[in-house]
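Order-wise, the sequence lines are chains L and E.
The opening residue of the first sequence carries number 133 in our numbering; numbering runs sequentially from there.
The opening residue of the second sequence carries number 198 in our numbering; numbering runs sequentially from there.
Just so you know, the hints here were simulated from the structure itself, not pulled from any lab data.
Even glycine gets a Cβ: it sits at the ideal position worked out from N, Cα and C.
You may find that some hints are simply not true.
Covered stretches of chain E (in silico footprint by chain L; criterion: 3 or more residues with CB under 8 Å from a CB of chain L, positions within the stretch not fixed) [as the list claims (entries may be wrong)]:
(1) 221-235
(2) 270-284
(3) 295-307
(4) 331-337
Selected chain E positions facing chain L (in silico; Cβ < 8 Å) [said to hold, decoys possible]:
(5) Met208
(6) Ile209
(7) Ile210
(8) Asn214
(9) Thr260
(10) Leu261
(11) Leu263
(12) Ser266
(13) Gly345
(14) Ala350
(15) Leu355
Far from chain L, by Cβ distances over 10 Å, these chain E residues were calculated [stated by the list, open to error]:
(16) Ala206
(17) Val344
(18) Phe348
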Amino acid sequence: MTHYLILRVIAKLMVGPIMLFALYVQFHGDFGPGGGFQAGVIFAAALILYGLVFDLTALRRFASLELLCSVMALGWLLYVGVGFATMLLGGRFLDYDFLAADPVAGQHIGILLIELGVGITVAATMLIIFEVYAGRKIATEGEDDA
Amino acid sequence: MLAFLLATAVMIIRMRNLFAVVMLTGAFSLLTAGLFITLDAVDVAFTEAAVGAGITTVLFLGTLSLTTSREKPATHLPTLPLAVVLITGAALVYGTMDLPGFGDPAAAPHQYVMPEYVSGTETQIGLPNIVTAVLASYRGFDTLGEVGVIFTAGVGVLLLLNGGLGGRARRNGGEGAAPPVSAPTDKRKGPDRA
Chain L
133 MTHYLILRVI AKLMVGPIML FALYVQFHGD FGPGGGFQAG VIFAAALILY
183 GLVFDLTALR RFASLELLCS VMALGWLLYV GVGFATMLLG GRFLDYDFLA
233 ADPVAGQHIG ILLIELGVGI TVAATMLIIF EVYAGRKIAT EGEDDA
Chain E
198 MLAFLLATAV MIIRMRNLFA VVMLTGAFSL LTAGLFITLD AVDVAFTEAA
248 VGAGITTVLF LGTLSLTTSR EKPATHLPTL PLAVVLITGA ALVYGTMDLP
298 GFGDPAAAPH QYVMPEYVSG TETQIGLPNI VTAVLASYRG FDTLGEVGVI
348 FTAGVGVLLL LNGGLGGRAR RNGGEGAAPP VSAPTDKRKG PDRA
């Protein structure tokens, strides 16, 4: 799809704002609708748009499957890590009250961190599923040529 | 809104062109999201719009590009499936009769822990969005499990479609999607190569 000029220009213009919106949904989820799940999907959608309009290889240049695997695990580890951090600080698993001196502030920090973990894992997983599906197509086409 | 949903569903069933069906499925999700908004469930609507109308459509299109975009004509009469669907549907409709009225404050789900969550969100967590407070704090352990499910889905797709976590990923990953010339034979066999 590399020769459709309008698509390429519009897509390039859209990717940035979509990512920005994803970050807004991510960090504003405590106050409005949204949160890690939605933000992760929107962030992945921005990169999937890039991968659809430009090439999958262009997407994989900065979001390779190995990197995404690590990032996917990292998000979940961040979530579990917050849980263990609260245990180390004297609370129960995922008891955010102990993350700061003030329980309410601790809750804010905890929710922010675990939502970030959710967002990271969701975005990476969506990208992995997309890349694997789309990459399979390229692989099958390639072997027809061979 | 429900009439639109019904019309879309009927069209999805009638169509043979799978490309149009995928587009209609996306429209169906978008309509469902609108329905959720009218029920004041903005967070659910948001998820439905992003996942149902967005990502799922892309994944369906990816699958279509791997397979074919025409549905095969049915080879047998759908009597048994129709009967199953009708009976299940009737059972579900019968089940809704026992449901409490929409927004009924005396309903069982609103009695158990909900009052504590609603009042506690303001004092214990200090967030205006109760959905986030319940999801991330009160039911944080459940959400951890949900993220685990998504993580598992990613790993599963990698294992099934990519020939292992390190297999094809390593060969196809960084240096572009050029297929490895060294192993052309094992790639023709289809799903069993994983």
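| said: Let me make sure I understand: some of the numbered hints might not hold for this structure. Which ones are they, in numerical order? | reply: Hint check: 1, 2, 3, 5, 6, 7, 8, 10, 12, 17, 18 fail, others pass.
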